[in-house]
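Trainee: The primary structure of each chain is shown beneath.
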Amino acid sequence: GQNIDQPTEMTATEGAIVQINCTYQTSGFNGLFWYQQHAGEAPTFLSYNVLDGLEEKGRFSSFLSRSKGYSYLLLKELQMKDSASYLCAVYNTNAGKSTFGDGTTLTVKP
Amino acid sequence: NAGVTQTPKFQVLKTGQSMTLQCAQDMNHEYMSWYRQDPGMGLRLIHYSVGAGITDQGEVPNGYNVSRSTTEDFPLRLLSAAPSQTSVYFCASSGLAGGPEPTGELFFGEGSRLTVL
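Protein sequence lines, in the order shown, are assigned to chains U and V.
Each residue of the first sequence is one higher than the one before, counting from 1 in this note's numbering.
Each residue of the second sequence is one higher than the one before, counting from 1 in this note's numbering.
Please keep in mind that the hints were generated in silico from the structure rather than gathered at the bench.
Incorrect hints may have been included.
[Stated by the list, open to error] Chain U stretches covered by chain V per the calculated footprint, using a threshold of three residues with CB under 8 Å from any CB of chain V:
{"hint": "1", "segment": "25–36"}
{"hint": "2", "segment": "42–50"}
{"hint": "3", "segment": "83–93"}
Bear in mind that the values here come from a model prediction, so they are computed numbers and not experimental data.
Virtual Cβ for every residue (Gly too), placed ideally from N, Cα, C.
Kindly generate the complete structure, drawing on both the sequences and the hints.
Mentor: Below, the structure is given as structure tokens:
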């Protein structure tokens with residue numbers, strides 16, 4: 001089965017840096033995705049890790065350690081528009097499906 | 001490019017009624033799936049399909065049926081609606097290996113908000 005854990009809520013200040021952690025225990029692993037979901041909208045793709053290490057895309061970075069079952073999403077230079085839910089998802093090629101954590105609601109304050 | 005299109009966006013049903021949520025994608029994706037999202041929770045997989053004629057159950061399949069007669073369409077049927085099925089439903093698709101995007105990246109429809117009274 002799949003067990004994916006992330007903090008429920010986080011608060012940070014505009015301009016700051018925030019790290020959202022995700023730990024997972026899965027029966028199959030072929031990649032870890034992060035999605036962003038604004039209230040009332042559909043999730044959209046943010047980043048993807050299949051190998052250990054850091055992937056950087058502008059203000060967003062994501063890190064993966066497969067041996068530890070651990071990933072984090074790092075958001076730099078926070079903006080008010082970054083207030084959203086961030087979903088960690090484990091992708092299993094053999095099953096052909098992604099399993100999601102419950103999401104972390106990030107609130108950015110002025 | 002329309003991507004993933006879901007209809008209807010909103011629906012109110014009475015307990016016991018049946019209905020179909022429609023989902024279509026124009027990206028020639030092999031993989032399609034239905035998720036439900038309840039307040040404060042992540043996405044839970046209902047059913048999925050890795051190609052036309054192939055479907056399989058996800059985490060929460062009870063009370064739902066799917067079929068995949070074409071690559072483009074993946075309708076979700078509620079057989080006899082119950083209040084516990086009040087939720088937001090998302091259809092999502094992805095390409096399998098070999099495409100330009102990361103394998104497994106999901107493209108979501110806008111969601112269908114269903115209320116069962």
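Trainee: Now tell me, hint by hint, if it's right for this structure.
Mentor: Status of each hint after checking the structure:
no., hint, in the structure
1, 25–36, "holds (count 4)"
2, 42–50, "holds (count 6)"
3, 83–93, "holds (count 4)"
Violated hints: none; the structure is consistent with every hint.
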